[in-house]
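Chemist: With the sequences and hints as input, model every part of the structure.
Residue numbers (this note's numbering), protein chains in the order written: chain H, 74 to 463; chain Y, 96 to 160.
What the hints contain is simulated information worked out from the structure, not anything from laboratory work. Hints should not be assumed to be uniformly reliable.
Cross-link-like lysine-lysine pairs, in silico, DSSO-like; alpha carbons within 27 Å at most [claimed, not checked]:
#: 1; chain 1: H; residue 1: Lys388; chain 2: H; residue 2: Lys161
#: 2; chain 1: H; residue 1: Lys77; chain 2: H; residue 2: Lys202
#: 3; chain 1: H; residue 1: Lys284; chain 2: H; residue 2: Lys302
#: 4; chain 1: H; residue 1: Lys243; chain 2: Y; residue 2: Lys103
#: 5; chain 1: Y; residue 1: Lys103; chain 2: H; residue 2: Lys154
#: 6; chain 1: H; residue 1: Lys161; chain 2: H; residue 2: Lys437
#: 7; chain 1: H; residue 1: Lys239; chain 2: H; residue 2: Lys202
#: 8; chain 1: Y; residue 1: Lys103; chain 2: H; residue 2: Lys399
#: 9; chain 1: H; residue 1: Lys77; chain 2: H; residue 2: Lys159
#: 10; chain 1: H; residue 1: Lys243; chain 2: H; residue 2: Lys272
#: 11; chain 1: Y; residue 1: Lys103; chain 2: H; residue 2: Lys303
#: 12; chain 1: H; residue 1: Lys284; chain 2: H; residue 2: Lys161
Ranges of calculated distance between the beta carbons of each label pair, as one might list FRET restraints [as the list claims (entries may be wrong)]:
#: 13; chain 1: H; residue 1: Asp201; chain 2: Y; residue 2: Thr140; range: 43 to 49 Å
#: 14; chain 1: Y; residue 1: Asp158; chain 2: H; residue 2: Lys303; range: 30 to 36 Å
#: 15; chain 1: H; residue 1: Pro452; chain 2: Y; residue 2: Asp124; range: 37 to 43 Å
Here a beta-carbon is modelled for each residue, glycine too, at the ideal position from N, C-alpha and C.
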Amino acid sequence: MRDKYDIVIVGAGPAGSTTARFAAAAGASVLMLEKDRDIGIPVRCAEGASEAGLRAVLENIDERWIDNRISEVFFHSPGEKMVELKFKQVGYILNRKLFDYDLAQMAVRAGVEVLTKAYVFDLLREDDKIAGIRFSHMGKTFDVKSRLVVGADGVESRVGRWAGIKTRTKMGDIETCAQYTVHDLNLADNHLHLFFSSKIAPEGYLWIFPKGDGRANIGLGISGDAAAKKAPVSYLDEFMAERYPHASILNSVAGGVPCDRTLETIVLDGLMLVGDAAHQCNPITGGGIAPALIAGKIAGQVAGRAIAEGDVSAKSMQDYPRRWHKAEGRNHQIFYRLKNYIYKLTDDELEGIAEAALHVPVAKRSLVTLFRAALVKKPSLILDAVKVFT
Amino acid sequence: MKHNFYSKIAYDRQLCDFCGACVAVCPHDAIELAEADLSITESCTFCANCVHVCPMRALEIIDAR
Ligand SMILES: Cc1cc2nc3c(=O)[nH]c(=O)nc-3n(C[C@H](O)[C@H](O)[C@H](O)COP(=O)(O)OP(=O)(O)OC[C@H]3O[C@@H](n4cnc5c(N)ncnc54)[C@H](O)[C@@H]3O)c2cc1C
Ligand code: SF4
Ligand code: SF4
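Modeler: Take a look at the structure:
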């Protein structure tokens with residue numbers, strides 16, 4: 074490790090590793106710091122991603138990253154109506170331990186230096202300008218200078234805050250989650266299950282994502298407001314006790330997802346935010362893997378060019394927010410409006426929607442038909458749904 | 096719970112999963128969360144956001160008298 078790099082990246086998730094790789098490929102010297110002892114562990118994720126989302130950034134998709142392929146999803150209503158929907162494109166359940174690790178390794182091959190067990194806890198400043206970061210590693214404190222700092226530090230991001238950006242997630246916008254990876258379930262391996270019900274997961278949903286061989290990620294996310302009344306882990310334990318009382322739990326995690334629009338400010342002079350740190354995950358699904366890759370690629374390219382041209386001012390890096398909003402950010406505003414409506418539906422309304430959707434034959438059902446049924450009382454949002462789902 | 100001069104956020108390290116949801120919603124950046132070590136700093140105003148958001152119910156406002 075040197076004491077000076079062009080770019081320091083905080084956090085080695087998909088956003089950090091992808092930003093690092095593309096910035097290094099453009100010629101910048103890059104250090105990426107991760108506070109955990111391992112990259113890719115713990116897996117705070119249900120590991121679902123569409124093939125298209127990964128292909129947007131990754132030239133090759135390694136079979137080792139894919140635990141399972143999904144072809145259908147079943148929506149469960151509060152009264153246990155099941156609405157089946159066939160996927161138009163391939164859905165993957167990833168092995169994120171390997172996936173995240175390989176993304177970091179791709180960065181290393183591009184010339185990035187990586188250090189784990191490195192907890193970043195402050196920004197350095199020179200003449201009021203951001204000039205690097207301070208981190209602790211094995212009981213010692215280190216200062217590393219850089220021309221650009223990238224906050225890719227996930228849902229718990231603090232890098233933006235230290236720089237004066239308001240990055241706090243509102244209680245209504247965070248989905249707070251608990252998940253078990255369970256074994257020996259009697260489940261069809263190619264079917265996702267999503268449960269919508271105030272009793273199972275208020276202001277959110279419960280998922281069963283099969284990982285193949287009878288394994289599955291079973292978890293749920295509810296809003297911070299809903300969690301004030303009862304904790305996610307309690308909802309999950311009740312669901313497990315009722316449906317799978319004898320399942321073996323081989324992994325359990327907690328987590329939060331910022332189900333929000335992209336932060337207004339994601340670049341400052343000498344600073345960028347990427348991934349969950351920038352609130353870039355899809356606010357209605359909570360899916361943040363593909364968005365982190367897409368944002369990371371743009372951010373890395375823009376950062377690399379800023380370094381090459383010797384100008385890391387916010388003004389010179391506006392290409393990053395501009396391209397991000399064009400690619401995904403604008404759609405996220407629509408998803409956010411849809412989420413705020415869908416997550417607040419009552420159980421009776423959800424039941425009615427399932428009823429209406431079941432009248433449409435499976436072969437003709439799509440996400441748009443589902444949203445049409447869901448939005449009958451809110452026709453203004455139907456146009457939105459058509460825009461993002463067709 | 097109402098807070099007073101003796102209030103403190105107690106954290107149960109048996110329950111905590113070090114997931115960072117509490118850090119995300121803290122209005123005062125009062126939570127330090129390293130790999131497996133959580134602490135609350137003096138900027139805390141006892142708003143209870145962290146207590147409520149925690150998926151594991153690992154936090155609690157207590158009276159430390
Ligand atoms: C329960 C759950 C289920 C989910 N399911 C899905 C899903 O099925 N599909 C999907 O697409 N998305 C899912 N997501 C969301 C997805 O996991 C995230 O959006 C994605 O990981 C974001 O990537 P990232 O690189 O921005 O952040 P992260 O992957 O969180 O990486 C951030 C990294 O920064 C590190 N870090 C943080 N602070 C510091 C610091 N101060 N110093 C050094 N390092 C630091 C962290 O340790 C972490 O490794 C889920 C999330 C949760 C919680
Ligand atoms: S939200 Fe709860 S489980 Fe997660 S880090 Fe904070 S105290 Fe720990
Ligand atoms: S009580 Fe409020 S201010 Fe104090 S640590 Fe928790 S979220 Fe932050």
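Chemist: Each hint should be assessed against the structure and marked as holding or not.
Modeler: Results of checking the hints against the structure:
Proposed proximity of Lys388(H) and Lys161(H) is contradicted: the alpha carbons are some 40 Å apart, above 27 Å. In summary, the hint linking Lys77(H) to Lys202(H) is supported, as the alpha carbons are separated by about 16 Å, within the 27 Å threshold. This hinted pair does not check out: Lys284(H) and Lys302(H) have alpha carbons roughly 31 Å apart, beyond 27 Å. For the given pair, Lys243(H) sits about 23 Å from Lys103(Y) by alpha-carbon distance, which is consistent with the 27 Å threshold.
Taking the CA atoms of Lys103(Y) and Lys154(H), the gap is near 46 Å; set against the 27 Å cutoff, the hint is violated. For the given pair, Lys161(H) sits about 12 Å from Lys437(H) by alpha-carbon distance, which is consistent with the 27 Å threshold. In summary, the hint linking Lys239(H) to Lys202(H) is supported, as the alpha carbons are separated by about 18 Å, within the 27 Å threshold. Pair hint Lys103(Y) plus Lys399(H) does not hold up; C-alpha atoms about 46 Å apart against a cutoff of 27 Å.
Between Lys77(H) and Lys159(H), the direct Cα distance comes to roughly 52 Å. Violation of the 27 Å bound is thereby established for this hinted pair. For the suggested pair Lys243(H) and Lys272(H), the alpha carbons sit about 23 Å apart, so the restraint of at most 27 Å is met. Between Lys103(Y) and Lys303(H), the direct Cα distance comes to roughly 21 Å. Compliance with the 27 Å bound is thereby established for this hinted pair. With a CA separation close to 20 Å, the supplied pair Lys284(H) and Lys161(H) stays within the 27 Å bound.
For the hinted restraint 43 to 49 Å between Asp201(H) and Thr140(Y), the CB-CB distance of approximately 28 Å leaves it violated. The supplied range of 30 to 36 Å is broken by Asp158(Y) and Lys303(H), whose beta-carbon atoms lie about 24 Å from each other. Taking 37 to 43 Å as the suggested C-beta distance range, the pair Pro452(H) and Asp124(Y) conforms, at roughly 42 Å.
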